[in-house]
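Please build the complete structure, drawing on both the sequences and the hints.
Numbering (the working numbering), first residue to last: 86 to 255.
I should point out that these hints are in silico values taken from the structure, not numbers from a laboratory.
Once the Cα atoms are required to be at most 30 Å apart in a straight line, the calculated DSBU-like pairs of lysine-lysine come out as:
1) K146 / K193
2) K178 / K234
3) K205 / K189
4) K105 / K87
5) K209 / K241
6) K189 / K221
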Amino acid sequence: MKTLENYTIVKETEKALLIKAFVSELEKEVEFWLPKSKTEKKDEGLEIDTETWETKIEELKIPQEEDCVFVYVDKYEELEKSYKLILTATLKKINTNPWAFVPKTLVKDLGEIEENERGKFYFKIPLWFWEKNLEKIISDTLEFFNKDKEEEEKFKKNDFKLHNVEKNKS
Numbered sequence: 086m087k088t089l090e091n092y093t094i095v096k097e098t099e100k101a102l103l104i105k106a107f108v109s110e111l112e113k114e115v116e117f118w119l120p121k122s123k124t125e126k127k128d129e130g131l132e133i134d135t136e137t138w139e140t141k142i143e144e145l146k147i148p149q150e151e152d153c154v155f156v157y158v159d160k161y162e163e164l165e166k167s168y169k170l171i172l173t174a175t176l177k178k179i180n181t182n183p184w185a186f187v188p189k190t191l192v193k194d195l196g197e198i199e200e201n202e203r204g205k206f207y208f209k210i211p212l213w214f215w216e217k218n219l220e221k222i223i224s225d226t227l228e229f230f231n232k233d234k235e236e237e238e239k240f241k242k243n244d245f246k247l248h249n250v251e252k253n254k255s
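As structure tokens, this is what we get:
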């Protein structure tokens with residue numbers, strides 16, 4: 086059994102704990118998830134099943150690369166907990182500027198670049214978040230532009246083209 090003496094439970098779900106602790110094997114403080122079924126809270130600290138701990142150390146030694154996208158914009162607004170990205174898109178021949186809200190905690194990188202055809206700021210965000218958000222952007226845009234149209238005149242998903250995104254691996 087491995088015992089963590091100084092640790093903080095950052096988040097707790099029904100089946101897992103998000104732990105923040107100094108890990109001597111890595112010589113640094115890290116956050117990591119552990120299954121509750123493999124841990125036990127005791128007076129002297131958090132006891133962790135040996136095999137589970139060894140597997141977790143190996144995971145933490147190899148930083149996981151996360152698939153990301155770069156979103157390029159000319160304008161954005163910094164809000165308290167998120168960024169409001171002002172995108173450029175076309176719906177057939179109509180130019181539109183939908184918004185995307187990205188939590189600050191998910192922005193992997195943010196920078197200013199020389200102005201080009203894509204925009205002058207870039208945001209690097211996780212692909213999983215972008216794909217989820219993109220569906221909402223398309224849905225909201227189609228709903229807005231289709232509200233007063235007859236069924237045969239309505240725009241379809243494949244009529245929507247976003248101009249700001251480049252897929253990349255982190």
